[in-house]
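Novice: Chain residues, written in single-letter form:
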Amino acid sequence: MTASAKQGSAPRCFQDVILALQTYWAEQGCAIVQPYDIEVGAGTLSPMTTLRALGPKPWRAAYVQPSRRPKDGRYGENPNRLHQHHQFQVILKPNPPDMQELYLNSLVAVGIDPLVHDIRFVEDDWENPTVGAWGLGWEVWCDGMEISQYTYFQQVGGLDARPVSGELTYGLERFCLYVFNIERVYDLPYNDPQSPYPLTYGDVFLKNEQQQSRFNFELSDADQIQRWFEDAETQAARLLQAACVLPAYDYTLKASHLFNLLDARGVVSPTERQSFIARVRDLAKGCAQAWEAGER
Amino acid sequence: MPELLIELLSEEIPARMQKRAEDDLARALKDKLAAAGIEAKAIKTFSGPRRLVAVIDDLPARTPDVSEERKGPRVGSPEKAIEGFLRGAGLASIDQAQIVEDKKGAFYVARIDRKGAATADLLRDVLPDIIRAFPWPKSMRSGESNLLWVRPLQNIACVFDGVEVVIDVDGVPSRAQSRGHRFHAPDWFAIQNFADYAKKLEAAHVMLDREARKAVIAERANALCAAKGLALVEDAGLLEEVAGLVEWPVPLLGDMDAAFLDLPADVIRLTMRTHQRYFAVRDAKTGALAPHFVTVANIEAKDGGAVIAKGNRRVLSARLNDARFFWEQDRKTPLFTDERKAKLQRIVFHQKLGSVWDKVERVKALALELCDVTGANRDWVAQAADLCKMDLVTETVQEFPELQGQIGRQLYLEQFAVLPREGGGDREATGGGVSSAGVESIAAAIEDHYRPLGPNDRVPTDKVAITLALADKLDTLVGFWVIDEKPTGSSDPFGLRRAALGFVRIVLERHLRLPLEIELFARAVNTMQTYAKYEVREIPLGRISDPEPVVRRTHATVLAFLADRLKVQLRDQGKRHDLVDAVFALGDDDLVRIVARVEALDAFLKNEDGANLLAGYRRAANILAAEDKKGKGLTDAENAAPVDSTLLQEPAEKALAAALHTATPAARAAVGKEDFAAAMKALSALRAPVDAFFDAVLVNAPEPALRRNRLKLLLDMRDALHAVADFSKIEG
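Chains as they are written, first to last, in the numbering used here: chain A, 1 to 296; chain B, 1 to 732.
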């Protein structure tokens with residue numbers, strides 16, 4: 001932590017945390033990009049991270065990413081399990097020598113005093129076989145609670161990531177539940193509780209959780225989704241052949257999400273599962289390689 | 001003499017890697033210095049989450065001058081050879097070499113004189129190599145640097161004799177500076193020497209010495225507990241890990257909702273340990289887990305730690321709620337369900353040995369074969385076998401694999417051993433038609449059939465547990481031998497040495513008379529064939545009365561493997577390895593008997609009669625061997641014939657024959673009754689006659705008949721001793 005750490009005014013609601021993080025990382029030279037508009041399971045999968053981690057060009061970006069995990073839906077009945085949660089994602093390439101300090105200052109910016117809270121870096125190596133990526137880093141604990149993932153990317157799409165990028169992921173719902181000392185995610189204040197129209201997280205997202213869970217578990221048409229998967233796969237492969245990387249990657253993400261839907265529907269046998277994952281991985285690797293080649 | 005201080009300051013090093021890194025650093029420094037002619041006598045190392053430190057006292061300021069002579073090729077050798085020699089010796093031309101004559105001719109000799117270098121220069125040279133080649137279990141690059149380190153390396157401080165030595169490694173900063181605790185004292189400070197460094201670190205909230213950190217944690221944690229009538233549940237492994245997570249340890253006592261205490265105690269302890277690195281706390285009087293925990297913070301919090309304790313309590317509650325959810329899920333059904341069975345059928349035990357359920361079926365078949373030996377109730381064994389692996393697919397065991405067996409036991413007991421019903425209802429016939437004794441036995445077997453898990457783990461006591469534990473291990477051993485997956489060197493991925501030692505310990509400590517006959521292995525291999533769904537089926541097996549090679553091979557090799565474990569076990573108990581060999585040479589396959597023999601032999605050789613008889617035995621064996629070697633030994637027919645009493649002339653040989661006549665059958669009878677001490681005692685009666693025989697009788701008598709008869713007498717004596725052990729294997 002350096003003297004430049006600015007103690008933020010204590011955030012009062014979900015969006016205060018987002019705004020504070022955006023402001024902080026914008027001050028560190030990040031491009032604040034908007035959430036990617038294709039379904040992803042994690043902020044890392046956005047091309048703003050996965051693809052940008054490859055190639056020699058420097059890159060700094062930060063964004064909120066709604067992350068869809070169909071299997072985790074609980075019809076809005078579980079206090080913290082969600083079909084869609086939000087990650088705040090930061091990528092710094094190359095990672096600066098003082099990245100840990102920058103990260104710790106971001107905590108100060110959202111009102112966490114490291115001389116009151118016990119902040120720890122606990123070994124946690126990250127791996128995402130679907131995009132052939134891995135890195136070393138930590139999960140960051142605040143009073144025993146995991147509040148962030150911190151990773152130095154070593155490989156993406158099976159390629160060495162040089163220079164190395166540092167990646168930060170804040171799980172926003174969990175982070176806020178902890179900071180605001182609230183048990184149930186739907187009770188989180190979403191906007192300022194003093195505003196004329198205070199909204200809770202539930203006001204904004206409960207219906208979505210209920211209906212998406214119904215869709216994921218009961219109503220989705222597995223045959224149709226299977227066909228869409230195949231279509232997305234074909235489309236991605238065709239685009240890759242034409243060296244049209246970003247659209248190819250979009251359809252790879254589509255395929256990945258469609259597979260997650262099938263999986264949530266419980267229609268994927270363990271053997272098929274491996275094969276689905278391998279098909280997405282091949283596409284993702286192809287995209288990563290084509291992107292990297294285009295950056296050199 | 002000058003002191004060297006090196007500090008490698010980095011971002012957080014995983015706790016499990018720190019200690020080994022100290023050893024690796026010490027070794028690398030020692031080797032590199034030694035290669036330059038410097039002996040580093042005492043290297044002290046330290047490590048923590050952010051730093052790896054080495055201090056060497058008493059280093060010379062310069063490396064010694066070296067002068068060596070290197071012999072080269074013969075004068076007049078081909079150009080190529082001469083060039084190679086010049087290159088190797090660092091000479092510019094052959095004129096710089098001397099010519100030396102020896103018996104074989106004239107040779108070039110290079111005299112290489114190397115001036116010593118300043119130690120600081122040496123360090124500049126070798127430290128980058130050490131750092132670049134450092135054997136971290138996992139390492140990474142950072143930013144644009146090429147260096148591989150465990151996490152980003154922030155500074156290399158190297159101070160030799162009070163002077164900064166700049167180390168150039170891929171652009172990593174190298175200043176004679178360090179910084180303290182991340183939050184309490186992050187500013188850089190200059191380093192003069194180790195004493196100065198240690199003092200400044202302490203002031204900057206960094207406890208450098210791991211043992212000091214451990215001591216502080218243990219001491220303060222215990223004090224926190226004691227103040228509330230509580231006691232810490234000691235956990236050396238956790239203490240070591242936590243000492244690697246903090247630079248300034250501050251233990252805090254937290255509490256949790258007492259309602260969680262209805263979870264199994266180990267579930268609570270492991271939730272704390274595995275997920276949160278908390279120490280569990282127990283009631284000092286009753287020993288039962290108390291609704292508290294100790295967490296170790298890394299700061300002196302402004303508020304004394306209240307926020308930290310509260311936050312950790314919340315996290316722990318969430319974790320325990322998860323654990324409770326798993327446990328409640330598991331308790332909803334009886335231990336055995338078709339669904340769990342189906343899951344076991346899908347878990348591969350080993351690709352060539354089928355699923356876990358296949359293993360269960362094999363273990364059951366083998367266990368039933370073993371009931372005669374162990375005296376276990378067959379029905380109970382059969383039930384226990386069906387149940388013993390069920391908990392592997394419970395949510396709780398999936399979360400905490402260490403609890404395998406324990407969870408199965410608890411679930412089984414909950415299901416059957418219901419508490420006494422109101423109105424004096426009994427507990428009989430509650431366990432699927434099994435009596436309460438049966439329920440307890442089956443429960444013990446479910447929990448203990450994995451045991452013993454090592455040389456210090458306990459051996460099952462219940463007969464059903466013993467039976468299942470033996471069958472489980474025997475199936476594992478036979479299975480992996482049949483598919484030829486034996487341990488090699490230090491690699492034993494399937495834990496076969498542990499299984500073998502476990503088998504041996506159970507047999508010995510429970511005194512089981514279990515002959516490791518080929519039939520047993522034939523049955524094991526047969527079961528393997530019946531219940532393994534993979535390649536094993538293709539191994540042709542004949543009838544048990546005519547065992548095919550695979551049975552013979554498996555029998556011989558597994559037996560030898562078990563024998564090896566037994567030898568290790570006996571050696572660890574201080575038994576002489578040669579005595580063990582002497583008994584093994586007899587080919588006995590009863591472990592209990594083997595050990596009884598070794599013990600009797602050990603006692604026998606420790607008394608004077610035994611030691612002397614051994615001397616007599618050796619003399620006899622040497623004579624017999626010498627005669628055999630000369631081709632003048634006894635023929636097979638002569639061997640088979642008895643001593644001819646009419647040819648006995650000398651009183652001493654008559655006495656020996658008489659002694660043998662009494663001692664041999666007595667010893668044999670005692671061996672038959674497995675009273676090896678009595679057998680030894682009977683044999684010790686031979687000592688005086690044997691001594692007298694060698695004093696008075698000439699074995700190599702001129703008359704061939706006399707000579708043959710005397711050799712025969714010696715042979716009988718040797719054979720008499722061999723009834724107990726192969727004395728030829730005894731050393732010393």
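These are calculated hints, taken from the structure and not from any lab test.
A hint or two may mislead.
[To be verified] With a cut-off of at most 20 Å between alpha-carbon atoms, the simulated DMTMM-like pairs for lysine to aspartate or glutamate come out as follows:
{"no.": "1", "chain 1": "A", "residue 1": "K57", "chain 2": "B", "residue 2": "E144"}
{"no.": "2", "chain 1": "B", "residue 1": "K310", "chain 2": "A", "residue 2": "D113"}
{"no.": "3", "chain 1": "B", "residue 1": "K199", "chain 2": "B", "residue 2": "D322"}
{"no.": "4", "chain 1": "B", "residue 1": "K44", "chain 2": "B", "residue 2": "D24"}
{"no.": "5", "chain 1": "B", "residue 1": "K310", "chain 2": "A", "residue 2": "E272"}
{"no.": "6", "chain 1": "B", "residue 1": "K32", "chain 2": "B", "residue 2": "D58"}
{"no.": "7", "chain 1": "B", "residue 1": "K343", "chain 2": "A", "residue 2": "D263"}
{"no.": "8", "chain 1": "A", "residue 1": "K254", "chain 2": "A", "residue 2": "E295"}
{"no.": "9", "chain 1": "B", "residue 1": "K138", "chain 2": "A", "residue 2": "E123"}
{"no.": "10", "chain 1": "B", "residue 1": "K310", "chain 2": "A", "residue 2": "E127"}
{"no.": "11", "chain 1": "B", "residue 1": "K44", "chain 2": "B", "residue 2": "E22"}
{"no.": "12", "chain 1": "B", "residue 1": "K575", "chain 2": "B", "residue 2": "D602"}
{"no.": "13", "chain 1": "B", "residue 1": "K19", "chain 2": "A", "residue 2": "E123"}
{"no.": "14", "chain 1": "B", "residue 1": "K214", "chain 2": "B", "residue 2": "E234"}
{"no.": "15", "chain 1": "B", "residue 1": "K138", "chain 2": "B", "residue 2": "D24"}
{"no.": "16", "chain 1": "B", "residue 1": "K214", "chain 2": "B", "residue 2": "D23"}
{"no.": "17", "chain 1": "B", "residue 1": "K30", "chain 2": "B", "residue 2": "E69"}
{"no.": "18", "chain 1": "A", "residue 1": "K71", "chain 2": "B", "residue 2": "E395"}
{"no.": "19", "chain 1": "B", "residue 1": "K302", "chain 2": "A", "residue 2": "E173"}
{"no.": "20", "chain 1": "B", "residue 1": "K19", "chain 2": "A", "residue 2": "D221"}
{"no.": "21", "chain 1": "B", "residue 1": "K138", "chain 2": "A", "residue 2": "D125"}
{"no.": "22", "chain 1": "B", "residue 1": "K138", "chain 2": "A", "residue 2": "D221"}
{"no.": "23", "chain 1": "B", "residue 1": "K138", "chain 2": "A", "residue 2": "E139"}
{"no.": "24", "chain 1": "B", "residue 1": "K343", "chain 2": "A", "residue 2": "E272"}
{"no.": "25", "chain 1": "A", "residue 1": "K71", "chain 2": "B", "residue 2": "E3"}
{"no.": "26", "chain 1": "B", "residue 1": "K41", "chain 2": "B", "residue 2": "E69"}
{"no.": "27", "chain 1": "B", "residue 1": "K654", "chain 2": "B", "residue 2": "D644"}
{"no.": "28", "chain 1": "B", "residue 1": "K654", "chain 2": "B", "residue 2": "D719"}
{"no.": "29", "chain 1": "B", "residue 1": "K138", "chain 2": "A", "residue 2": "E183"}
{"no.": "30", "chain 1": "A", "residue 1": "K71", "chain 2": "A", "residue 2": "D221"}
{"no.": "31", "chain 1": "B", "residue 1": "K341", "chain 2": "B", "residue 2": "D386"}
{"no.": "32", "chain 1": "B", "residue 1": "K115", "chain 2": "B", "residue 2": "D102"}
{"no.": "33", "chain 1": "B", "residue 1": "K729", "chain 2": "B", "residue 2": "D578"}
{"no.": "34", "chain 1": "B", "residue 1": "K115", "chain 2": "B", "residue 2": "E144"}
{"no.": "35", "chain 1": "B", "residue 1": "K681", "chain 2": "B", "residue 2": "D726"}
{"no.": "36", "chain 1": "B", "residue 1": "K138", "chain 2": "A", "residue 2": "D160"}
{"no.": "37", "chain 1": "B", "residue 1": "K606", "chain 2": "B", "residue 2": "D691"}
{"no.": "38", "chain 1": "B", "residue 1": "K228", "chain 2": "B", "residue 2": "D257"}
Computed from a predicted structure; not experimentally measured.
Novice: Hints numbered earlier in the text: which of these fail when held up against the supplied structure?
Specialist: 3, 5, 8, 10, 17, 19, 20, 22, 25, 26, 29, 32, 34
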